[in-house]
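Construct the entire structure; sequences and hints are all you get.
Heads up: the sequence lines are chains A and B, in that order. Under the working numbering, the first residue of the first sequence carries the number 1, and numbering increases by one thereafter. Under the working numbering, the first residue of the second sequence carries the number 1, and numbering increases by one thereafter.
Read the hints as simulated data drawn from the structure, not as lab findings. None of the values given here were measured: they were computed from a predicted structure. Treat each hint with caution, since some may be false.
One copy or two, it doesn't matter: identical chains are merged, so the pair holds either way.
Here are the simulated BS3-like pairs of lysine-lysine, each with C-alpha atoms no more than 30 Å apart in a straight line [unchecked claim]:
#1 Lys246 x Lys467
#2 Lys238 x Lys68
#3 Lys251 x Lys479
#4 Lys645 x Lys659
#5 Lys280 x Lys122
#6 Lys310 x Lys479
#7 Lys246 x Lys325
#8 Lys242 x Lys68
#9 Lys242 x Lys282
#10 Lys529 x Lys251
2 protein chains.
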Amino acid sequence: MRIFLCAVVLFALSSSVVAQAKGGYSQYVNPLIGTRRMGHTYPGATVPFGSVQLSPDTDEQPHNIGGKYNPETYRYCAGYQYDDTEIVGFSHTHFSGTGHSDLGDFLVMPTVGPLQMEPGKKGDPKSGFRSAFSHANETAEAGYYKVRLDDDNILAEVTATTRAGFHQYTFPASDDAHIVLDLMHGIYNYDDKNVWTYVRVVNDHTVVGFRQTNGWARTRIVYFAMEFSKPFSTYGFKEFAKQDYKGFWRKFGDQSKNFPEMAGKQLRAHFDFKTAASEKIKIKFALSPVSTDGAVSNLRSEIPNWDFEKVRNDARAGWDRELGKIAVTADSRDDLTNFYTAMYHAFLSPTVYMDTDGRYKGVDQNIHTAKGFTNYTTFSLWDTYRALHPLLNIIQPTRNRDMVRSMMAHQEQSPEHMLPVWSHYANENWCMIGYHSTSVVADAIATGNLTGPEANKALDAAVQTAKTGYYDGLEYYMKLGYVPEDKNSSSVSKTLEYAYDDWAIAQAAKKLGRNAIYTEFLKRSENWKNVYDPTVGFMRPKDSSGKFLAKFDPLKTEGQGFIEGNAWNYSLYVPHDVDGMIASMGGRGTFSQHLDQLFSMHLPDEFFAETEDITRDGIIGGYIHGNEPAHHVAYLYDWTSDRWKTQERVRMILDHQYKAAPDGLGGNDDCGQMSAWYIFSALGFYPVAPSSGRYMLGSPAVKTAVLKLENGKTLTIEARGQGQKNVYVSKVILNGQELSRDFLTYSDIASGGRLVFQMTDKHL
Amino acid sequence: MRIFLCAVVLFALSSSVVAQAKGGYSQYVNPLIGTRRMGHTYPGATVPFGSVQLSPDTDEQPHNIGGKYNPETYRYCAGYQYDDTEIVGFSHTHFSGTGHSDLGDFLVMPTVGPLQMEPGKKGDPKSGFRSAFSHANETAEAGYYKVRLDDDNILAEVTATTRAGFHQYTFPASDDAHIVLDLMHGIYNYDDKNVWTYVRVVNDHTVVGFRQTNGWARTRIVYFAMEFSKPFSTYGFKEFAKQDYKGFWRKFGDQSKNFPEMAGKQLRAHFDFKTAASEKIKIKFALSPVSTDGAVSNLRSEIPNWDFEKVRNDARAGWDRELGKIAVTADSRDDLTNFYTAMYHAFLSPTVYMDTDGRYKGVDQNIHTAKGFTNYTTFSLWDTYRALHPLLNIIQPTRNRDMVRSMMAHQEQSPEHMLPVWSHYANENWCMIGYHSTSVVADAIATGNLTGPEANKALDAAVQTAKTGYYDGLEYYMKLGYVPEDKNSSSVSKTLEYAYDDWAIAQAAKKLGRNAIYTEFLKRSENWKNVYDPTVGFMRPKDSSGKFLAKFDPLKTEGQGFIEGNAWNYSLYVPHDVDGMIASMGGRGTFSQHLDQLFSMHLPDEFFAETEDITRDGIIGGYIHGNEPAHHVAYLYDWTSDRWKTQERVRMILDHQYKAAPDGLGGNDDCGQMSAWYIFSALGFYPVAPSSGRYMLGSPAVKTAVLKLENGKTLTIEARGQGQKNVYVSKVILNGQELSRDFLTYSDIASGGRLVFQMTDKHL
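Here you go:
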């Protein structure tokens, strides 16, 4: 009680910046963070977990040029690069922070003057419908984006609801104003990516259609409905692909003008207007995974009127509501910006994937109805099982439970009978490794957020997934206890991650009293030992005869049995048996020094280049924060006698790897995983092994934080004596009792109360 | 009453062949009729108006070779040519008698021995999975087809329900038996016709998927579910198209074997078995316009068991029931074969296009539910408005009404807001000319088969259709009163047919008391006069300045303002104002001589070749029966004082143009139009102007016929004194009263009763 009063006094006297509901938490969100270099975030408008991400694309790089991979593609995973000076248009679907991509559906661009049906060349905005812009005329907020398109002096504003984008273009006076709808445009556009597109002009202000692609998602189709606030006077299409067969459509003569139906592989449409000075033309643009009828219905139910400001305000209010689930105070506005932008990024995906009536397309390509849950898609699980889902399991348990239900539906519909690996838009894209859905499922079960028959069914789905022999070396793993490098590359990474996932399954089985599964998978979780080579002190690839590969360089990634991380980073991936790992690596002291070496070493450029996904800023010594495999590593000091080093490293990473600037992310945000790391670490704890129910203590960066839990309870965190130099924690007091352990439990958090970190500038 | 008794005596004494229910009418059906040369019928298994037409394809000709049209394509409109000696496999969808094509979905072929995944080359059956066969080992019946596949000594049998095919393959003993599923195969296959295909192996005996094409139908997708009676031991796929992007699927390594999911543009799958001698492997194969789930559901509800004979018997019983709607006696078995095969062909399409739950894909590409009607597709209306729909309007009024309802749904869903022109599988293909749905609609309204608000709505849809300015010269037609050849080719054909269609709309408007529409469209129906050139006595193309084109040859078709018929044939197309036409052509006598000249002239080969769709057998003099534009012409003598010539010509056409042999059709059957001509004419009357409610009298070819009407009434037709030479009708007695008019009314037929033709060998 005393503590509480004291805290109130502290709050009142504090010079810290208080984030509060009054101005709304959205004021601390800067969607431009991560848009420069490798963050791969997008600056446009979306609502929490929204299906629509309506955002400017600054270029469209083909995936291949002359049949070869175009490395520039990678920079445009989210369509926008901060250093670009032109906007091609506004498309409706974007991943946030991914390191491979897809989407960019339905690019819309307003223009005036002679109609241009090509985007034009980069650097020459007059060569097409693209336009120059400058950041001086750009505003990006949670749920709202505005920019002046300099070429034609058009003010573009966009906002969104869950399933619809809302455009508002303020035109100059013109007899020749256009809105281009580009169905060719896309992100990661292969030569042949568009499988089919279809457009139907329903009347002089309504257009529907779909785009079907073959890319990261092999069989993907997105439907749209588009409504204009003002009838277009004329309209037309252009087909940019050769059509083998035009058939009897030729009887209509020229169908490129005012003909209400068009289908083909490479279509662009235009809608023409006369505009008065400062006239606003608005467009509602809804998506559906089911049909154009579904899109029309989504559009009508989510944006019934033409009140752009209302939709914008609603979007912002929605963000304020979600962001407010954690109310923090911090030392600087930048810290708040980093925190709430991380929250914003963490709440972008998975995205809602169903019509307002609950219907969605399943991975079996059939239409299903989500009964009793909200269906989600965009599961970047190799990334997000680490911290994002554990975070959602705390602060968004209903959503996280529905995400698990979405994964279970996926498993039921899956031809391979597997939980998702990396899934989006009714497709499994199989990206990266492991079967980390099992961890998300297990975390929900182990923490009691998924219970009863449903939990048992989810466990069965996880077991089924983990026994899918033909999946990525799993047959060998099950037979030999490891993935042999001669049979399947990146074999060590796979072995380590399978072992962790198996342990997670065991935890869920334990919780549910399914002892046979528990025993079987606990045994499997020890498989990490099979790839540890004590002679070198690293995990190391073995061949199928059981021999370690002779050639081995722990600094290198490529060809060394790892993926997106070298042995220095990846060898530490035994989150479920850190004690065992430390023992095998020579004990606590040696291990602590090993970690020190990682954080202080120099990673030569030649090896760094292979780690992918990160900029030079994304590493500290040899520790690679810009990619996921080592995200738990700073917390491993907690298992040594040097826990202060966890505290120091975490604060260093928070300081160095996250900045309140467009280049503020040192690597891909990866659908919120990088941001979830920030949120946990800034609060003072981190789930090293999800489904353990344990959150290892670090060093909070906030001054205070109030977690408003769905169960009505609140957990108040206070970093007493917080300061730039006070990165060490002298003691932790939970509800008035000093904590004798180095972790919180899920129950500690869920029960609410008060958690005080006593901060100091001296480590023990 | 006396007449009736007399007739009974006559029947008993007659030597005529009596078609009766006892053996079943199906015994007179020979599905091979029309499979040689230009009939374009298929011999396989289907049920009346069934969605599935499971039939052998004897070759697969690509539409283009080296980028150029391959004229051989045309011969394979129905997949089967009688003179071929090999079968490539059995595919599930076929048009009957069309002169352009599509479909051929999901080819299935059983083989033994080393797996062959290519069909192989024509003439070399060992080069692929195709097999030699001979007609000696072939049986084609209504609802059943059997053939021995000689290469591997496999007996293939197929039958069908409305939405499912049922295969039964009797194998030799083999350790290496296969069933190939070819998703590349198709009819009228353009290089790029397959847009996407998808296959999912659900378990060891169930496979689902879809094929999406861009061809005659621009955006077509057909879903399937396939169930084997015996689990396959192994299975695999092959993708024959280059795939730009394989993505992370590579982690599965070789997916060509026992991997449950495949998608791409050019797929073939195989399923492998060990078979004992004479072991039967059966396959149920259902289609759906909605989804693979829909196909599974159709499969389960239509073929719940593995009883092939039951399904075969049910199919035949279904045919017996439908064929029995007209019970005829005739002089020869061939006449019965011709009659009932014509009935069979007339009852093949339009085809049911919805799942058992009533759901179907609309032309707007959305899924709709047919409420209160059966939804149909495959509307070859330029052909079938003439006689097929009028026939159905008499003998299948419920189906014909539902076909009208299907057209109305199409119009509601149509981006162009038009009733169908030529539609199939949720697509409008726009083939041929006119807007003849309006005639089908008007016929149903004018005869009282469509009434009330629904009739008014249908009339509105017809008017909307007829006022679609951008449709095929219609804007000019509405402005100038004719289609000008310099603006739109085949302008005379279009003008004439629009004029007739307009008259049909007027008849419906009259029936419904919609006087403004009646007046407007009756006026439009006079537009035929605008293309009649009295100086040459033919219809003749005009340019937009109102001048007839100088160059004109009434024997030629190409470039003369006509399509699929020259001026000699097409100029007679004023079915709704024959008196007016005769008057303008110089009166009855002159007109009769004009017709004589047509039937006796010689059409030089060079001009004949241009008329398309027919063999030399398809013409009589210059009269072209093998194509539709002149189908009413033999009946035009009814308007002269030489009605006997109608009688003579009709009997001559019945004799010469229809034979009980594979080459029995002189031209494309055109979805039953050629056959419907036969049925009407064999019964003694023909609808020269549908929606007039009049059926012009000819000369019956049957001895007796009993039409069993849906209203419970029967019309008994008796050709008293019928014989080979007795082709003339001395009098017609309806219900005991001699008929003083040269036509029957719809009411005469629908009221039932007795119609006696007194036949004689001398004309008046």
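Here's how the hints hold up against the structure:
1. Lys246 x Lys467: Answer is between; shortest inter-copy Cα gap is 24 Å, intra-copy 49 Å.
2. Lys238 x Lys68: both (27 Å within a copy, 25 Å between copies)
3. Lys251 x Lys479: between (65 Å within a copy, 18 Å between copies)
4. Lys645 x Lys659: within (22 Å within a copy, 97 Å between copies)
5. Lys280 x Lys122: Classified as within; 28 Å inside a copy, 64 Å across copies.
6. Lys310 x Lys479: neither (60 Å within a copy, 49 Å between copies)
7. Lys246 x Lys325: neither (56 Å within a copy, 41 Å between copies)
8. Lys242 x Lys68: Answer is both: 22 Å inside a copy and 15 Å across each meet the 30 Å cutoff.
9. Lys242 x Lys282: neither (33 Å within a copy, 42 Å between copies)
10. Lys529 x Lys251: For Lys529 and Lys251, the Cα distance is within 30 Å only across copies (24 Å; inside one copy 72 Å).
Comparing the model with each numbered hint stated earlier shows that hints 6, 7 and 9 do not hold.
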